[in-house]
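Trainee: Work out the full structure, taking the sequences as your base and the hints as a guide.
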Amino acid sequence: MILGCLFVAITNFFALGGPWVLKKAIDALRQQATAGSLLKYAGLIVAIAAFEGFFRFLMRKTIISASRRIEYDLRNDFFAHLQRLSQSFYHRTKTGDLMARASNDLEAVRQIVGPAVMYSLNTLTSMAAFGAMVYIDLNLTLLAMLPFPVMALVVNRLAKRLNKAHRLIQTQYAAITSKVQDNLAGIRIVKAYGREATEVIDFDGLNQDFIDKNLSMVKIRGLLTASMALLIGSGSLIVLWYGGRQVVQGTISLGEFVAFFAYLSMLTWPMIALGWVINLVQQGIASMGRINQIMATEPEIADGDGESSDLPVIRGEIEFRNVSLAYDDIPVLHEIDLLIEEGSMVAIIGPTGSGKSTLVNLIPRLIDATEGSILIDGVDVRRLPLYKLRECIGYAPQDTFLFSDTMDANIGFGIQEQPRNEIDNAAEIAQIRQDILEFPKAFDTILGERGINISGGQKQRTALARAIIKKPRILILDDSFSAIDTYTEEEILRQLQGVMRERTSIIISHRVSTVKAAHQIIFLDGGRIVERGTHDELVALGGQYADLNEKQLLEEALENI
Amino acid sequence: MASQHSSTGNGIQEEEVLGKAYDARLMRRLLSFLRPYKLHVVLAVFTLLIASLGQLAGPYLVKLGIDEYISKGDVSGLSSVCALYLGMLVLEFTFQFLQAYLVNWIGQKAMYDLRSQIFAHIQTLPVAYFDRNPVGRIVTRVTTDVASLHQMLSSGAVAIFGDIFKLVGVVAVLLTLNPKLALVTFSVLPLLFYATFLFKKLVRETYRTIRIRIARISAFLQENITGMAIVQLFNREQRNFEMFQKLNFDHLDAYLRTILYYATFYPVVNLISALAIGMIIWHGGGGILQGTLTFGALVAFIQYAEMFFRPIMDLSEKYNIMQSAMASSERIFAIFDLESEPGYAVERKRDTTFRGEIEFRNVWFAYNGEDYVLQDVSFKAQPGETIAFVGATGAGKTSIMNLLLRYYEPSRGEILVDGRNVNSLNPLDLRECFGMVLQDVFIFDGTVAHNIRLGNAAISDEQLLQAARSVHADSFVAKLPQKYDNLVLERGKGLSSGQRQLLSFARALAYDPPVLILDEATSSVDTATEHLIQDALERLMANRTALVVAHRLSTIQNADRIIVMHKGKIREAGKHQELLAQRGIYFKLYRLQYEYKESKHVA
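Chain order of the listed sequences is A and B.
As numbered in numbering that gives the first Met the number 0, residues 0 to 560 make up the first sequence, in order.
As numbered in numbering that gives the first Met the number 0, residues 0 to 602 make up the second sequence, in order.
Please note that the accuracy of each hint is not assured.
[To be verified] With a straight-line cut-off of 35 Å between C-alpha atoms, the simulated DSBU-like cross-links for lysine-lysine are: (1) K60/A to K23/A; (2) K37/B to K163/A; (3) K550/A to K568/B; (4) K587/B to K515/A; (5) K245/B to K387/A; (6) K199/B to K218/A; (7) K60/A to K317/B; (8) K218/A to K165/B; (9) K199/B to K108/B; (10) K218/A to K37/B; (11) K60/A to K163/A; (12) K379/B to K348/B; (13) K317/B to K163/A; (14) K218/A to K159/A; (15) K568/B to K515/A; (16) K587/B to K568/B.
FYI, nobody ran anything at the bench for these hints, they're computed from the structure.
Mentor: Structure follows, in structure tokens:
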């Protein structure tokens with residue numbers, strides 16, 4: 000960076016040479032120079048430009064490269080930090096917002112360290128031109144410089160207004176985006192109720208607002224460029240008027256007069272750049288603030304303070320002790336007491352939104368309880384290192400998320416090495432192996448945007464294989480069979496029983512058929528355990544579970560027509 | 000101008016491959032959006048010309064000052080040139096402002112039209128289109144792509160025009176001042192063009208690489224943010240970080256190469272410019288010595304030569320803008336080229352009132368090819384009747400609803416409403432006949448009231464309240480801090496599934512349609528809400544035709560007709576008692592239920 004500054008200085012030093020030679024040449028011409036000396040001046044101008052160019056090259060290369068490297072580091076840091084943040088953060092924060100910070104804001108920050116630094120240094124050192132001008136004539140210089148302070152003032156004030164207008168536009172743009180998103184997601188309802196016309200009117204209103212805000216910014220921007228041109232021009236005007244007089248009076252030579260013009264124009268660009276730089280810096284600072292806001296977010300869930308030696312091997316007994324949880328003061332779980340014995344199978348069932356997923360998310364500490372504690376083998380999970388805790392858990396979450404990578408990589412996602420036979424085995428248990436072998440490139444088939452799209456059921460089975468391959472002490476399946484037909488589900492459950500013998504498993508489901516065999520069934524409603532027991536006990540109880548069982552028997556019968 | 004728009008959307012979903020910077024066919028379509036503003040365009044071009052002329056006049060006035068007055072020692076004459084210069088400055092100021100404002104005004108207006116039109120057009124597209132295309136992609140068309148077009152209109156196209164005009168102007172002035180010296184000056188141009196051309200080619204290549212690599216970073220980042228829970232659960236932080244670092248480095252690497260090109264290009268152009276000035280001094284100086292050139296002209300030449308270079312250098316920048324704008328407009332026009340739902344062409348009959356008679360006549364339907372999900376389906380519902388559809392998932396129940404609303408067209412057969420073929424009606428008229436309540440209730444951004452009324456001003460506050468009351472939605476709304484004006488969170492978060500159902504009942508009731516299409520929710524709700532829903536459903540179905548995908552025995556038993564579907568075919572149809580007498584599928588179902596109930600009593 001220091002080297003970069005040096006290059007800026009040298010570049011500007013050489014830049015001063017050009018007009019000086021010009022002055023010499025013109026003055027020489029007045030005194031009837033020879034053609035030979037003219038060639039000498041011409042050559043000198045080119046030579047100086049060559050030197051200047053060389054250092055300008057070095058300057059750009061050093062400074063801009065440095066800014067790109069800083070961007071690289073920042074982006075790495077940002078990503079690494081995101082990885083440490085807990086799920087509650089991701090619930091609060093929209094993906095689009097984070098993406099914007101990682102792209103737009105990062106770029107704005109880079110602009111400060113790169114272009115902004117380069118141009119402001121440039122402005123600073125080009126003040127040397129000012130020296131050259133003073134050398135020619137002090138009075139003329141002072142007069143010619145008159146517009147510059149005005150220019151700096153105007154640029155600065157307008158830039159501020161510009162920034163404000165810019166922010167308003169951004170907000171409005173976001174409003175338009177969410178309107179379109181909302182409309183498209185609900186298009187069936189829009190059409191069913193014939194709301195197309197009113198939707199268009201709503202949208203047009205937002206659109207009109209957006210245009211109006213843009214136009215008010217355009218006004219400021221137009222004023223800015225136009226006044227810039229005016230002020231630059233008035234500098235030239237002063238030189239023409241006063242400098243012209245001085246040439247006539249013989250105070251300065253015609254060559255000096257011409258060189259003065261050249262120096263003045265050398266100063267104008269940095270002055271304009273200054274206004275622009277101020278803008279860049281302002282935006283950059285705002286962006287840096289937005290990035291720092293994320294970087295300063297402390298992970299709510301971090302490694303426990305307990306020694307990992309507390310638990311040499313995790314066996315898999317889980318206990319919820321008087322656990323309550325609230326999101327933003329809205330209670331989600333109430334005083335949950337639950338003991339899951341090592342090696343047993345527990346099923347959780349209940350209406351949507353009753354807190355089933357939240358309950359199991361507490362075990363691998365995707366969230367922490369507001370009150371009470373969760374113990375594994377008698378140790379509070381908050382005292383365990385995250386790595387160790389999560390290593391012993393195989394989890395297939397409700398939203399099946401797979402990466403745009405090969406089937407191989409997706410199934411072996413959680414293990415260090417990915418031996419063929421283990422992947423095969425896990426895929427077999429999850430009943431996905433046959434499907435994969437029928438894909439174009441079998442296990443090397445890439446999923447997602449650039450690869451093939453697989454069905455919801457296939458996704459669920461892949462996620463299942465991903466959880467199973469870890470051979471976890473604790474297996475959590477959150478509604479993992481919802482898109483899988485009952486026959487395949489039974490097959491998977493049968494195979495799992497072999498693998499999971501002596502291991503703990505927790506299964507969330509909407510289907511009674513899935514949970515029937517569990518050692519313990521928990522019926523959650525409104526964040527409370529309202530019924531618990533075995534299938535037979537709950538059916539005999541005649542409560543909500545029994546009701547659900549009735550509905551599903553009907554459906555099952557329909558399936559089997 | 001565009002930086003404010005370049006939000007995250009673009010480049011994430013697709014690796015943008017850039018094509019041509021100019022495509023006459025696309026350009027013509029784009030220009031058609033300027034047609035309403037013809038007069039403004041003419042005015043903008045006019046102001047642009049004046050503003051450019053102002054810029055061109057500067058060096059010439061300096062020349063005049065030097066030759067006519069300074070050289071001759073005429074101070075008062077100098078003052079008059081200065082006055083002229085001042086006048087020119089004010090003129091330039093005014094017209095430059097006017098020009099900038101006009102151009103952007105036109106750009107904004109055209110973008111407003113384009114954005115409104117594309118949104119309106121999207122509203123008319125068939126549901127099949129939305130089934131095939133992810134929401135995010137369509138959103139990008141309306142937002143980012145339109146923004147990139149705006150950038151082209153306001154800073155690309157017009158600026159190119161201005162630059163070219165300025166270039167031509169400089170050439171003309173120089174030729175008039177001194178043709179010989181002008182030609183000497185122009186001799187560096189091939190060099191300049193060659194350098195620019197080479198640079199542009201190299202940069203274009205690396206920019207493509209950069210775009211692809213930044214898209215990869217974005218895709219990876221987005222995927223990791225969305226799947227962060229998985230990354231953390233599976234202890235993959237370190238490995239994914241290494242993958243990210245590699246992508247990030249590839250991006251850096253590509254950029255460093257571009258920097259090299261830029262760092263070389265600008266100095267080279269400077270050098271060429273110095274070469275031009277050197278030649279002007281050498282040749283022009285000779286001219287002065289021989290008396291064929293004045294000092295003023297020499298100075299003007301030098302100043303004009305400098306005016307020459309910036310536009311040429313800028314052109315390569317504009318090239319990028321044009322390129323991405325062309326790509327955007329291609330995507331936008333692809334949407335405009337999609338056909339609207341066929342029915343929109345039918346003239347609207349605003350006074351249609353429906354009795355609510357529905358008939359399917361031998362309807363066959365397949366989403367793709369010959370894969371029939373409905374086979375020879377026929378049934379008729381008299382006004383006011385309730386028809387219950389019973390069948391497993393994939394039996395074709397949803398497809399019947401899709402066809403009835405004309406979301407899709409049947410492959411064979413006819414669908415009639417009040418004896419009229421649905422194809423003879425504008426979908427807007429047809430759909431007025433229906434109220435739709437789906438399992439998965441969609442909640443819009445906005446207030447509770449908005450979610451019931453959906454922007455229909457014809458529904459009065461009184462009607463709205465009445466509807467909410469009779470389906471028992473009133474009780475939970477009353478508990479919200481701002482009642483009906485309470486904003487609903489994103490997609491109805493914070494409302495229970497039961498509350499969402501009640502809200503959608505209120506919506507259907509407020510519209511008071513003659514026919515109700517109802518897909519009963521299977522998700523379980525607590526017993527209290529279940530009772531409310533049962534009662535609300537009865538009120539909702541009273542006095543109108545109801546087609547119900549039924550999951551509740553009560554709904555099924557009370558239906559005027561029960562249709563048992565299996566694999567796209569109607570297997571049984573009739574009243575509860577009739578079907579029982581048939582001793583077929585329905586009978587088996589019923590017996591199963593009955594036995595279950597009995598067994599529960601025994602237990």
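Trainee: Mind listing which of the numbered hints don't hold for this structure, in increasing order?
Mentor: none
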